[in-house]
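Chain residues, written in single-letter form:
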Amino acid sequence: GENVEQHPSTLSVQEGDSAVIKCTYSDSASNYFPWYKQELGKGPQLIIDIRSNVGEKKDQRIAVTLNKTAKHFSLHITETQPEDSAVYFCASNGGTSYGKLTFGQGTILTVHP
Amino acid sequence: NAGVTQTPKFQVLKTGQSMTLQCAQDMNHEYMSWYRQDPGMGLRLIHYSVGAGITDQGEVPNGYNVSRSTTEDFPLRLLSAAPSQTSVYFCASSRQGRTDTQYFGPGTRLTVL
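These protein sequence lines map, in sequence, to chains A and B. Each residue of the first sequence is one higher than the last, beginning at 1 in our numbering. Each residue of the second sequence is one higher than the last, beginning at 1001 in our numbering.
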């Protein structure tokens, strides 16, 4: 089955800096890579996703890049703000024919004011 | 739309007790799933369903039972609770496709003594 590795497990930055979180996956049939943000005591919420027909997608301060040859994808947050502090998860859909996702282990991002 | 709802929000059980975690969605989604979240281990898939009357096991199904009699509801049953089942449980739903967005509920925090 699919295996997703996520790094780093914790990330601490100063407000205004950029943050980068990286994930690798194993199943070459994967074609959907979402990123979720989880705030304390809440369920994960989708912040951005990318499908394998594109290499990069951007939404304001958030961007995701995908390298299918190397089987890795990354989340980039620019101009970080204290409200960006949360746990971030990457995921991929593997070779399934429905919506099954495999998640990375999560990254705790702390943005210091 | 209420989205994905879960009840209860918190629950404490004694070893050997049984209970049902409720999950409902009002988005007419075919795909529903249950995850458990443990520190440092991300979200692990317990069971999933691709439509009413159809369920299958995920990565960590032992000790849990599911059924799907309607499109809207997907309850998770703990047959005989064990301390190893202490965790936060999330229900999610999406449309049927491989690249459709999954929406998560707010979670149930379960403690087994």
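Errors might be hidden in some of the hints.
Claimed, not checked - Ranges between beta-carbon positions, derived for each pair:
id, chain 1, residue 1, chain 2, residue 2, range
1, B, Gly-1097, A, Gln-14, 16 to 26 Å
2, B, Thr-1101, A, Leu-40, 15 to 25 Å
3, A, Ile-108, B, Ser-1067, 30 to 40 Å
4, A, Ser-26, B, Arg-1109, 42 to 52 Å
5, A, Gln-60, B, Asp-1056, 35 to 45 Å
6, B, Thr-1005, A, Ile-108, 22 to 32 Å
7, A, Gly-1, B, Gln-1096, 37 to 47 Å
8, A, Asp-17, B, Gly-1051, 22 to 32 Å
9, B, Lys-1009, A, Ser-9, 46 to 56 Å
For the record, the hints were derived by calculation from the structure and aren't laboratory data. Cβ atoms here follow ideal geometry from the backbone N, Cα and C, with glycine treated the same way.
Violations among the numbered hints, reported as their numbers in ascending order: When the structure is compared with the hints, numbers 1, 4, 7, 8, 9 turn out to be violated.
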